[in-house]
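Kindly produce the complete structure, drawing on both the sequences and the hints.
Residue numbers (numbering that gives the first Met the number 0), protein chains in the order written: chain A, 0 to 282; chain B, 0 to 445; chain C, 0 to 200; chain D, 0 to 665.
Fair warning: there could be bad hints in the mix.
Cut-off 27 Å, straight-line C-alpha distance, at most; resulting in silico cross-link-like pairs (DSS-like, lysine-lysine) [stated by the list, open to error]:
| # | chain 1 | residue 1 | chain 2 | residue 2 |
| --- | --- | --- | --- | --- |
| 1 | A | 244 | A | 207 |
| 2 | B | 232 | D | 622 |
| 3 | D | 622 | B | 357 |
| 4 | D | 241 | D | 303 |
| 5 | A | 207 | D | 358 |
| 6 | D | 358 | D | 390 |
| 7 | A | 249 | C | 156 |
| 8 | A | 281 | C | 166 |
| 9 | D | 343 | D | 333 |
Simulated from the structure, these hints should not be mistaken for lab results.
The lines below spell out each chain.
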Amino acid sequence: MNIGYYPGCALHGSSNDYEQSLRACLGLLDVQLQEIKDWICCGATAAHSLNHKLSLALPARNLALAERDGHKQLFAPCPLCSMQLLKVQKAIAGNGARGELAQIVEADLRGDSQVLNLIQVFQNIGLDRLKAAVKIPQKEITAACYYGCLLTRPPDVTHFDDFEQPTSMEAVVAATGAKTVDWNYKTECCGAGMTMANEDTVLDLAHKILSNAAAHGANCIVVACPMCHVNLDMKQEAVNRRYGKKHGKKLGMVVYYLSDLVGLALGISAEQLGIDRHFVTKA
Amino acid sequence: MSDDSTRDGTMTENKGFEPKIVAYVCNWCTYLGADLAGTTRLEYPPNVRIIRLPCTGRIDFNLIVKGFEIGADAVLVSGCHPGDCHYTAGNYHARRRWILFRELLDTLGFDLRRIHFTWISAAEGKKWQQVITEMTEQTRQLGPYTDLYANGSAQDSANDLPSGPPTPFEFKTLPAEGALRESCRKLLADGTVKVVIGYGQRGPAILTRAEDAGRLVWNNRCVSNLTTYLKRKEIKALGKPAVVVKPCDEKSLVVLEKESQLDRKNIHVIGMACEGVGEPKCTFCTARTPRFADETLGEAAGPASLADPPPNRFAALMAMAPAERMAFWAKQFDRCVKCYACRQVCPMCYCERCIADKNRPIAIDPAPSAKGNFAWQIARAFHLAARCVGCGECSRACPAGIDLALLNIALHKAAQVNFGYDAGVDPAAEPVVGSYALQDKEDFIG
Amino acid sequence: MEQSLEDNVLPQGTPDSFLLGALAHTHLQDCYQCGKCTAGCPVAVRMDLAPNQLIRLLQLDDSETALRSSTIWECVSCQTCSARCPKSVDCAGVMDVLREASLAQHKAAKPQHAVVAFQKAFLDNIRRNGRLAELELIGLYKADVVWNTGRIGVLFKDAGLAPQLNKRKKLHLLPEKAKDRGVVERIFARCSARCSEPEKK
Amino acid sequence: MSKIGVFTCWCGENIARTVDVDEVAKRVAGFPGVVCSLNYKYMCSDPGQAMVREKIASEKLDGIVVASCSPHMHLKTFRKAAQTAGLNPYLVEMANIREQCSWVHHDKPSATAKAIDIIRLSVAKVRNDVPLRPIQVPVTRRALVIGGGVAGIQAALDIADAGHEVVMVEREPSIGGKMAGLSETFPTLDCSQCILTPRMVEVGQHPRIKLYSYSEVEAVDGFVGNFKIKIRQKARYVDVSKCTGCGDCWSVCPLKKNPSEFDYGMGMRPAIYIPFPQAVPARPVIDKKVCAKLIRNGCGLCEKKCKAGAIDFKDEDRVVEESVGCIVVATGYKLYNIAKEQPKASLAGYGEYGYGKYKDVIDSLQFERLISASGPTGGVFKRPSDGAIPKNVVFISCVGSRDNAKGMPYCSKICCMYTAKHTMLYKHKVHDGQAHVFYMDIRAGGKGYDEFVRRAIEQDGARYYRGRVSKITQENGKLIVRGADTLAGTPVEIEADLVVLASAMRPADGVEELAQKLNIGYDEFGFLMESHPKLRPVETNTGGVFIAGACQAPKDIPEAVAQASAAASKVQVMLAADELTREPEIAAINEQTCAACYTCLHTCPYHAIERAEVRTGRGVFIKNTARVNAGLCMGCGTCVSVCPSKSADLQGFSEQQIYAMVESLV
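The following block contains the structure:
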């Protein structure tokens, strides 16, 4: 299976471990990621915060490029990127903005390709197929599945799962033989793009998420978002520095990408998946 | 052209002119509102004559036309506010009909400033006074109403519409002809149907014997809508029919079935895939393959583009100023001889006794006068509102060459725009006349 | 709501609630102040105006206070408020409009400069490179913050992370760039913000 | 040629001041068909009426026009006068030359001219009048009450006490409805069962009330005065006539752990059960979904134990037919399902509140059972999950109500009051407990209502927060309620032991299907439509069908009872005589010319038009036609307007009459 692939800046930057994991894991499942030629940044939070038109135009360019490359499906592993792409599709669905956007981005724009997030890619592969391919059931893992904000929100854009009590990631995790916990912060925000600019917020939110997962008996968190990973993994040390005293102990919560966990179950080594490049490597 | 100047908004002085205003009002709100104006001694001009009816639901378009026929200079129609109808929904039904009727009048070029719709409640004596005062004053300014029936000079200078049907296709027998003949032969031979209504060399072919199946043709000049023959008594008497339809003709079957005029189980429908027959109606074609037929013959890749697309006469008509439109129609109807071919040929005109033939009372003047012709065409077009499927038979049948379908197009568009309704497309859709929605527009109601 | 790019452009001065709502494709007067946005907001405690209070000000046409609030820069765009609003008011979308207007009209709250600077630096960065160059972004962002707020400390914040990132091969000294940067520049040029700049005095 | 008399009234000075009545009488005398034209000072006075009567007799008039005031004022007066003189009252017309002429114009000549026109118009109409007879519809002097909640009980008792027979149909095994399950009622805090159960018993024992419990209305046929009702009696597996209600069966039943419908799942009941001890009829029913005998021919203990031999495992549904003249619909309400799954696409659940996921998040009716002295916990207030006594209880108002995103923009009206009541009942049971209430507005309009809410706050210490709750989660056995206090402008987080959701009121299940059977309207939420929101609040668009209680809109007990009594009094009016007299000014269809397109049928607001067939004397089918049901037609004439061939016409406002009127204005 070949699918169009829009990595987004993070996966070609500090979250390149996510891309490594994806390629290793999906490759084994016979999914070839075909990177969109000459893609550009989707503008992320900065664009939709500061320039509405730009926040549609930048992803529209990528959508157009994917269509030009003939991709019926476009996989965006970063939920922010994928939500921005879906927003464009919504905007041009009524034809209202199609013409003008096409002009701005200098390319035809149909909006008929299907934008996928990582969970949907696994769903398309088929959970039964996934189960059958598992070599090492992840019995030791008790995962807190963390969806963050933009996999499910805004619901009228993403149209994905129940936006209050999603369960689709749990189904994928269960296919690897791992257990999941029911916890409270599945769809709470980690602070996302505020990592640099408003660290206080990020540490506060990350702390709540990490400690709630631990309190519900999880030994790891599974994410499908590069920003969530940064805030929960890279920032975990800082969280411990600030809140460790309060608890009297440090949190040591491994944060996996969903593809890491699937990859491990398929028998891929932690090194091949790039798990060794995470900040928190074991509990 | 003194009358025309009034149409452009330039008011003429009409010294001594006292307008005659006919008001159709409902018994429960507006009539009581007018009573209240009296009880509270609110003075207004004495030009209005009130006809009390039980409900706005009872106020028919014929009555509005009749008002002008007897010499009214303006007509008022008034009833209960939405939600207040004594009969719960009569005003909603009325509102819906008025939306359509105004479109028809506009297409005819009628001066809509002479028809006023209002909601006046039993508590709005003040509003009644205002409405009548303003209406009288406005009508006084507009001058006597003469447009419709007495404007010979305007007629003479009336413009015509761009004309010319498209160049017909080069005649071509279509491949499905053989299959059609074979299918009909079988249907008649095994007694599935008693009569086949199909296309023959000249006009329709009505067959009852299997051996005649060879008389059927199928080519790109099979223009007419054969469903109209289903209503004929003599054909009904023959027994179960098979009818040959194009995807566009098929829509009339949907309408007729909705109106309980045919029992679909007792008709065998032979649908022909169609690539166009080179008629103006083909420019609006939306379906190439029948959707509800019992059997579908032939294949259609796409509608054959018309070599020479016909001019959009409707757009040209609506581009005229209203007064020009009225003059245009007056000139057109001047040629009408009341032969009723338009009625005869229309698949939707199936009444056992047409209102035009009713004589107690006479709603439509039977004489081929300007008055009678307008009244007839208004009734014909309005009865087809949100029912006409656009087969264009009326225009083709008219011996005087009047493009009657233009009126139907206007109402079709009105139903589409206002109610999202396309006659004959969705068998499950609620009929436009006979239902209503709370959010139907009422920006024209005072 | 049907979207079109033919958006109203926020005029100079203080926009009224109707226009702000139109820009965000939402209807601000629908809000009946139930506070569910505030209740679910992960960062409401950090804001000077709770989200529902912000909307209330807009309903009263006091966008001036809203544009100067910390709220719009504290917002993390998590969409929880919009997703749960019983009246389908797109509160998160309103935040976007307000940020855009606040920036254009130079009304962003001073203590929030870091966020503003970061977002601006981010856009400048992709305008130049087509894709994000993280090190460059961080460098310029920090310089901006120091220049504008004098908070030298920001320079050393996270400094310890660099070697760690490098160790994990997450640091790219030579950033990836889009090839056709011309088109990126043209897209930026065509996308003027919907909020106009105030006239220079 | 007709012989018409015109009587022009001066109305003292009222008309004569601005209308030259002599001139009018003179001009009118010349109208075709007019044989006498008089004027008089006060036509409505006794001498005036005597004059009319005398002229009708002496001139053998076959139609009269009284030119005076509005027909809404005196048409009835003059119709009666004509009738005494032997003239059909429907041959009387009025010309309104006072309200619509003399009182609104000052210029005498033009007012006089207008008056003449108005009379000409009326003369044109009267010339085309035909004698009509009021329509007599026979009435079955019995009533059906659908629903045995407090509204149905009130309506049934009122009607039965007035001397008419009542058939009551209740879907559940017992009457009593929602009220039977309430603990105490606002604003008096009197025990709900104490005030309701005597009324239930009265229904059960009333000689004129025939109760079908555990039954549903299957089909409705007929029209006002003459309804035929098919009632499905669901198989009870207990012969009610033999059963003594001794209780041996349910005490011996081994399958005791079935969630009780009456307790909304807060308690358990056996497979054979009565819903609650005071049930009427106090006869058990077997739950066929769980009974071992019915499922796999096991057990059968109850049958063995029953001394009366009342258990009948072979019982089947039965359909019985009843004839009634009027129907009262009192089907009540149910609570909106807060959980994620919804019965309709237009509704959405509250995933964020965790109802159905967390055991200690309950709805308000469940709370009523938990706090009730007769409830499953025997009056000790314990929470469902672990039986602990909750020390912090959060009550949330407007759950579903006023929430467009969930599909119910309306206010459920009673939640503010019962939530206040809940906090008090809770405080009275758990003295060291704290009640927290999240609300948007407090709507406490009603006698003693606001005082009641204030008491909850001021005396019983309920803590009210003005704001909605965004999410409920569970941590360490506590429910974390994240709400807002919009007055303080801050988020609020409360660790609660129990959360009570004041769920929106929705119409009972199946009410839309019932409404379709009855041909009555309902709104987009399924609440039944009254005929007029102000003036006909208990009538429906179908003659003889009335509504009462929460099936029409959310309402509290006093309102439901008042409406039920109102509906009952409407029923009594209708059942007062053997025949109903209806105005004859209704539609009729010319079946010869009707093309049977049935546009009229779709249009008629009263469903008064039916499909019918024209047949020869020997029954040979000739054609289809539309036909007016005189029992249902109200005479609006909408059918006439939409009839393309004008085969429909309205008696008293016929096409012929209307055209004659218009044409008289030439």
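Now for the hints, and whether the structure bears them out:
| no. | hint | verdict |
| --- | --- | --- |
| 1 | 244/A x 207/A | 15 Å, holds |
| 2 | 232/B x 622/D | 12 Å, holds |
| 3 | 622/D x 357/B | 20 Å, holds |
| 4 | 241/D x 303/D | 15 Å, holds |
| 5 | 207/A x 358/D | 24 Å, holds |
| 6 | 358/D x 390/D | 16 Å, holds |
| 7 | 249/A x 156/C | 21 Å, holds |
| 8 | 281/A x 166/C | 17 Å, holds |
| 9 | 343/D x 333/D | 15 Å, holds |
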